[in-house]
Amino acid sequence: MALSFLRSQPLLAAPPPGPDGSLSFFDGALLVWNTTAPDGSSFTSRQLFKANSPHTGRGRESTATPPEHWHLEQVETLEVLEGTMTYLLDGVESTAKPGDKVVVQPGQVHTFWSGSDQDLLMQATTTGGASGAGFDDSFVRNFYGYLSSCVAAGVAPSPFQVFRFLDSAGVAVAAPLGLGRVMNVALGSIGGGLLLGYRTEYPEFAAAK
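For the sequence shown, our numbering puts the final residue at 969, and the numbers step up evenly by one.
If you are wondering where the hints come from, they were derived from the structure by calculation, not from laboratory data. On a predicted model such as this, the values are computed, not experimentally measured, just so you know.
Estimated spans, in silico, between C-beta atoms of each pair:
1) 779 with 818: 22 to 30 Å
2) 797 with 828: 24 to 32 Å
3) 868 with 841: 18 to 26 Å
4) 959 with 854: 30 to 38 Å
5) 888 with 915: 33 to 41 Å
6) 915 with 865: 33 to 41 Å
7) 771 with 865: 33 to 41 Å
8) 938 with 793: 32 to 40 Å
9) 950 with 811: 34 to 42 Å
For glycine and all other residues, C-beta sits at the position ideal for the given N, C-alpha and C.
All chains, please: the whole structure from these sequences, using the hints.
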C-alpha cells in the first residue's frame with residue numbers, strides 16, 4: 761500500500777439491521793437477507809428492490825443494478841419471489857415472474873433489474889467455487905455497504921475499490937477480449953490492493969457476533 765495516501769474513501773456507514781433480520785442499503789431502498797448453508801456448500805442472498813427509489817426502481821439505470829458480469833467458478837440461480845425481474849443472459853433480454861428460476865453457469869455474462877413499477881423480491885443462490893473466492897455474505901455486505909456509503913456521501917465509487925471487491929469474489933465485468941479478469945488483477949488486486957491499500961472487507965460491514 762505504498763500509495764495509500766492517494767486513496768479516496770467515503771465515511772463508511774454500517775447498514776442498519778431491521779427487526780426481520782434484513783440489512784438496509786441506500787436508505788432502505790434495498791433490503792437484503794443473507795443465508796449460508798451450514799456446510800458452506802451454498803449461499804443465498806434474498807433481496808428486496810423498492811420500486812419508489814432511484815437506487816432500485818429505475819430499471820437498468822438503478823444504482824443497485826449490477827454491471828454485466830460473469831462468475832469465474834460459481835453457478836448462480838436467480839429466483840423471483842414477488843414482482844418482475846428483467847435480466848440479460850449472454851446478450852439476450854428476458855423476463856422472469858414469481859416461481860421462475862434462471863440458472864447462470866460460470867462464464868455466462870448476465871445482469872438483472874426490477875422490470876415493473878412494483879417491488880421486486882428475488883433471491884440469488886450460488887454454489888461451487890473450488891478456490892474459495894465467490895459471491896458470499898462478506899462480499900454482499902461490503903460491496904453494497906461501500907456503494908451505499910458513497911451515495912450517502914455524494915461521491916463516486918472508486919473503480920480501484922470496486923474491482924478489488926470483484927476480484928475477491930471471483931466476479932469479472934463483461935469486457936471485450938476477456939479483459940474483465942485482467943482489470944480485476946490490474947485495477948483491483950495490484951492497483952487497489954497492493955498500491956492503494958483498499959481492502960476486501962471492512963469492520964463497519966462485518967456481521968454482528
